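> We have chain G; now place chains Z and X onto it with these hints.
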Amino acid sequence: MQEFDLVIIGGGPAGLGAAVAASEQGIKNILILERENKLGGILNQCIHNGFGLQLFKEELTGPEYAQRFIKMIESKEIRYKTNTMVIDLNRDKLLTAVSKADGIFTIQAKAIILAMGCRERPRGALNIPGTRCSGIFTAGTAQKFVNIKGMMPGKNIVILGSGDIGLIMARRMTLEGAHVNAVVELMPYSAGLTRNIVQCLDDYDIPLMLSHTVTNIVGKDRLEGVFIAPVDENRKPILEMEKFIPCDTLLLSVGLLPENELSKKASVKLSPLTSGAEVDEGRETNIDGIFACGNVLHVHDLVDHVTEESYIAGKAAAKFLKGLRKRSYVIDVIASEGIRYAVPKYINPVNIEKDLELSFRVKDICKDHYVSVYFDNARVTHHKKKILTPGEMQTVKITSEMLSTHSHCRAISIRVEKE
Amino acid sequence: MYDVAIIGAGISGMSIARELSKYDLKVCVLEKEVDIAMGTTKANSAIVHAGFDAKPDSLKGMLNAAANRLFDQLSKELDFHFRRNGSLVLCFDKKDIEHLEFLRQQGIQNGVPNLLILDKAAVKEMEPNLSEDVVAALYAPTGGIVCPYEMAIGMAENAYENGVEFYFENKVLDIKKSDDGYRIITDKNTYISKVVINAAGVHSDEINNLVSSNKLNIIPRRGEYCVFDKEVGSYIDKTIFQLPTKLGKGVLVTPTVDGNLLIGPNAVDIDDKDDLSTTKSGLDEILNKASLSIKKMPSHAIIASFTGLRARTEADDFIIGEVPDAKGFINVAGIESPGLSSAPCIAMMVKDIVVEILAPQEKANFNPVRKGIPHFSEMSNEDRQSLIAQNPAYGQIVCRCETVSEGEILSAIHRPLGATTLDGIKRRTRAGSGRCQSGFCMTRVLDILSSELEIKRTEVTKFGGESRLLVGKNKEDV
Amino acid sequence: MEQKALVCIGCPLGCRLEVTIENSEVLHVTGQSCKKGWAYAFKEYTNPTRILTTTVVVENGYPEVASVKTEKDIPKNKLFECIKELKEVSLTAPVHINDIVITNVANTGVNVIATTNCEALDTK
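Protein chains in written order, with my numbering: chain G, 1 to 419; chain Z, 1 to 478; chain X, 1 to 124.
Just so you know, the hints here were simulated from the structure itself, not pulled from any lab data.
The structure displayed is predicted, hence computed values, not measured ones.
Treat the hints loosely; a few may be bogus.
Quick list of in silico lysine-lysine cross-link-like pairs, DSS-like style, CA-CA up to 27 Å [stated by the list, open to error]:
1. G/K269 x G/K57
2. Z/K194 x Z/K177
3. Z/K475 x X/K72
4. G/K269 x Z/K177
Take a look, some chain X residues computed to stay more than 10 Å from chain Z by CB distance [unchecked claim]:
5. L6
6. S24
7. T54
8. I102
Note that beta-carbon positions come from the ideal geometry of N, C-alpha and C, so glycine has one too.
Okay, chain G solo, but in the shape it has when bound (with noise of 0.2 Å):
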């Protein structure tokens, strides 16, 4: 058995980062475990550019993101290994990991860095009706197969769903010669960033059809069609309108789900709100030295926020193993009116050096409304957003003078308010 201060599990964007925090803070005998062939995660089939800009103040695409923090990994001398799945984890921090180099292996660390990142939902998950034929994708995986492989996996598409990967894919389908016929989405606004509505569907005129679903698959051996209808406000769909669409791909970006069945072996407790678990402030989970971020904590729009919550949790980790973090005087966090959930969901104030972030997605578009953050009863921010979507990620900042000032405060609730 080998021992190792922190093992991250996952070297994708959130494991990478926080590997380079916690080396930052000291800690030396680290150790990734990626179950790919290579660091870096999604982004290496995410070739598209927009990455960085917050981090890095420039423009980048997938790969070279995720080059910049291997670069940062090799360059301080951490230690990782690919084509490694970890198999098995306790809440001791034991670890069984499987690869064809090592064969079985275990680990005890003494802390642990949950970053498995997240799954596409599947077809079956939304169980649409019809055959199961041939040509029916994630946009996920359709993305590794046109990005990393070259290869197509349809012509003439139809995309379900308008996750941020379901408007990436329409774009780079159509750069790629397929004819994308529609982005359906079963809501009435898009699940996905504005900027990628304009610069991927807009761009090359194709239709967004908002309030509406895939209501049934077509096709023998490949697909031959879609059924799509328009749904009533309720989400049910108004089979009078139904009608046809020929096409022999089906893509679907209908939602990403954490991929936490290690955490839930480790005893991690799990928020049904993000199916991610529930963290304090430095992304500490409820088992003792297991921290959790990225995209197995809650789902991101964006990979500088999961870096950004990566350096958090890998410097909290790094507190945890030089006996400096505390748990004690929590306060719970609350998603109140109007918000869907809010990361993290306990803060312990002794812990807070300066300031810290609370990030949260709302249940439904608001316009013109305020977000207000309440220390027990008391209204302590109050900012008006002109638009405020589920697709994207808000924070709100929580000052170190709004905790002592506020130092009995057991609960913080974040709310949105139409005054």
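Okay, now just chains Z and X, sitting in the frame of chain G:
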């Protein structure tokens, strides 16, 4: 010239092939699809029924309970998963308890052991997640669950090892009586055989009608199912049936032998024997009906839905036997539920007919044992370690959801009657059958199929025919 | 005077811009969170440009295609012309980030560069 030609590589055909491979016979299997178990066998309830459901004077009643007893040994010999989890028939109305008693008596006549009627308290103790509306249940401890395609593949591989020949993608177009037997004309070739066994599933009427004036008519009956994530696979332990309610015939809720939860089927007669589509109304129906049995339907955890077709005939029973106006032509038709459960005894019955016609010798060197693909996910770490030491490919995990290694996928391709498609890999290894439904491993499995079979990536299919996954390279059409 | 609504694509914030146009000239822009907003609005109205990202084939490479991008934004109406030029390109492994794939693509004066590393496969 074959002694026996079996048409159809489903569970009936494969059980018969294996049974006949015990004899000195030249046997071939003709299958129109690219793989074993591509029809009704791949999509059904995956239940080994105890055998109380059918009338004692029917073939179903005679074969089911007897076949049920053979599964323990078969599953060991052929290395497929089988679990005697027991089954419960739920009763929701005190007035219907007498119907449970009727089933119990019928079961006793059919030879089903240890049937018990349980009161509500006993049922709830056995299955705490059942609905509060249950008033009593019939408990059949011999009921079991099995993976039907794994079983059919096990039978097939063992038959192959014992000398049976297989011809896939051979669709039978015509059968002609000749002096020494039958000429079977497929879209690829002509096969001559003394005896023909018609195990063509929903198409067995068409095959029968080529040779007999005693026409059969199979009505494909659609049954829809939903499969749930393993996360809720142990929500219940027994196979849960319902007595018919005012909503009609009930649907079942069962764990699968692989650890998922399965609900279904409904029953809708359709015209098209190739129509494997699911419908909104059908999926709603099974979800609604299954909700009567359990406390809470874990709808959030559905990972896939599918349709299976049962080969229904008006006879309401299996049709097994030599056709009177076509000597040497044996029908195995109308094999709907409990066809899977009865398959081992159907095979013996057919074997007896063949033995009577051809009087073959038993083989001295028949090997009853087939070893399946070692499943990484089911091994101890010690066994994993030694397997990886022998073959490092078992250390590379390809399907993360089901923890399937590259070694298993390579074995699935290279073993006898190996996989040639994505679904073929899935049915042999479970790669792609987990919660992400092959989102992550599809690209990798496709590459492995392409390189091991030495075919272009655009030629790799999901399940044969035109079910290709990739259509070309980037920019080809720009 | 004419009002036009645009969404700035300069960064993921996606600021909703209100552009005032008079005599075919951008007079006034509101709604931006930074100075990029004005520049974007001006460009988008006069000569919209985009960064192009795509793949090119790498002979004997792992992976078998390299991701590439235009070093700078290029006119929007040149995107498909660039794709056509890149269709004919085949690189030889190894490829490194920032390697020039093609110069002055579609006469835009802009180079296309690699955004990923591709190793050379062993050809035994």
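> Looking at the structure, which of the earlier hints fail to hold?
Numbers 1, 4, 7 - these are the hints that the structure violates, sorted from lowest upward.
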